[in-house]
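In the numbering used here, the protein residues as written are 275 to 451.
Keep in mind that the hints were calculated from the coordinates and are not lab data.
Each residue gets a CB set at the ideal place from its N, CA and C atoms; glycine is no exception.
A few of these clues could be false.
As the list claims (entries may be wrong) - Under the rule of at most 20 Å between Cα atoms (straight-line distance), these lysine to aspartate or glutamate pairs were calculated in the EDC-like manner:
1) 382 - 419
2) 360 - 337
3) 360 - 371
4) 320 - 294
5) 382 - 354
6) 300 - 312
Said to hold, decoys possible - Label pairs and their in silico Cβ distance ranges:
7) 300 - 412: 46 to 54 Å
8) 355 - 311: 38 to 46 Å
9) 418 - 315: 40 to 48 Å
10) 334 - 416: 32 to 40 Å
11) 310 - 415: 13 to 21 Å
12) 376 - 406: 36 to 44 Å
13) 324 - 298: 51 to 59 Å
14) 312 - 393: 24 to 32 Å
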Amino acid sequence: MRAFLFSYSDHHVALPIPWDKVCSPKEEGGLGIRRIKDVNLACQAKLTWRAMTSDSCWAKFMDFRYLHQKPIWDAKPAREGSCIWKSMKGLQHFIYEGTRWIVGNGQKIRFWVDIWLGDQPLSTFFPLLANTHQTVNWIINDRGDWDIKRVGDRNIIQKLKDPSKATTSLGSPASMD
Numbered sequence: 275m276r277a278f279l280f281s282y283s284d285h286h287v288a289l290p291i292p293w294d295k296v297c298s299p300k301e302e303g304g305l306g307i308r309r310i311k312d313v314n315l316a317c318q319a320k321l322t323w324r325a326m327t328s329d330s331c332w333a334k335f336m337d338f339r340y341l342h343q344k345p346i347w348d349a350k351p352a353r354e355g356s357c358i359w360k361s362m363k364g365l366q367h368f369i370y371e372g373t374r375w376i377v378g379n380g381q382k383i384r385f386w387v388d389i390w391l392g393d394q395p396l397s398t399f400f401p402l403l404a405n406t407h408q409t410v411n412w413i414i415n416d417r418g419d420w421d422i423k424r425v426g427d428r429n430i431i432q433k434l435k436d437p438s439k440a441t442t443s444l445g446s447p448a449s450m451d
């Protein structure tokens, strides 16, 4: 295979076939060889996800050392962190975009900032109401129902159904008659 891909001379190695062609799927005429960069990215993402979700000894160490019971996007970057930690922090936006929350008791999910209802954070639609420290359980009353009065906009449910209406009428919080 090496003789097929590479031609040798005294001074350099030439690749007679473009590397993009070699790495393309077999169905497209390539050899189906995966790019090392893509494999590395997938392995880093898997490692990051395991650190956030696993109960293994390694995940517990990463939580103790870097995460401190927070998701990776909330953890502080460590200046003297390991190269593994730095690569995990470099993937935080990639991991965040593919993450969806299961609400449960709502104590760990930030109401306005995390993507737990729909495909975007609620702060995208309600920038003037957003408080980054409020969690989902903040809006739930003692009976387990949503207490819309706590939000400051009683029409929030309708606006969530039609987000285009959300940012147009948020000049000030609506009064709670």
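Now the hints, each set against the structure:
1. As the CA atoms of residue 382 and residue 419 are separated by approximately 18 Å, the hinted pair is consistent with the 20 Å bound.
2. For the hint linking residue 360 to residue 337, the alpha-carbon distance of about 14 Å falls within 20 Å, and the restraint holds.
3. At roughly 19 Å between alpha-carbon atoms, residue 360 and residue 371 fall within 20 Å of each other, so this suggested pair holds.
4. Note on residue 320 and residue 294: the hinted pairing is violated, with a Cα-Cα distance of about 25 Å set against a maximum of 20 Å.
5. Among the hinted pairs, residue 382 with residue 354 is inconsistent with the structure: their alpha-carbon atoms are about 28 Å apart, more than 20 Å.
6. Between residue 300 and residue 312 the alpha-carbon distance is near 17 Å, which keeps this suggested pair within the 20 Å criterion.
7. Between residue 300 and residue 412 the C-beta distance comes to about 53 Å, which sits within the given range of 46 to 54 Å.
8. Between residue 355 and residue 311 the C-beta distance comes to about 22 Å, which lies outside the given range of 38 to 46 Å.
9. For residue 418 paired with residue 315, a C-beta distance near 42 Å keeps the hint of 40 to 48 Å intact.
10. For residue 334 and residue 416, the Cβ-Cβ distance of about 35 Å falls inside the hinted range of 32 to 40 Å, so the restraint holds.
11. Distance hint check: the CB atoms of residue 310 and residue 415 are about 53 Å apart, inconsistent with the given range 13 to 21 Å.
12. The beta-carbon spacing between residue 376 and residue 406, approximately 21 Å, falls outside the hinted interval of 36 to 44 Å.
13. Hint check: residue 324 to residue 298, Cβ distance near 30 Å, so the stated range 51 to 59 Å is violated.
14. The hinted range of 24 to 32 Å is satisfied by residue 312 and residue 393, whose Cβ atoms lie roughly 25 Å apart.
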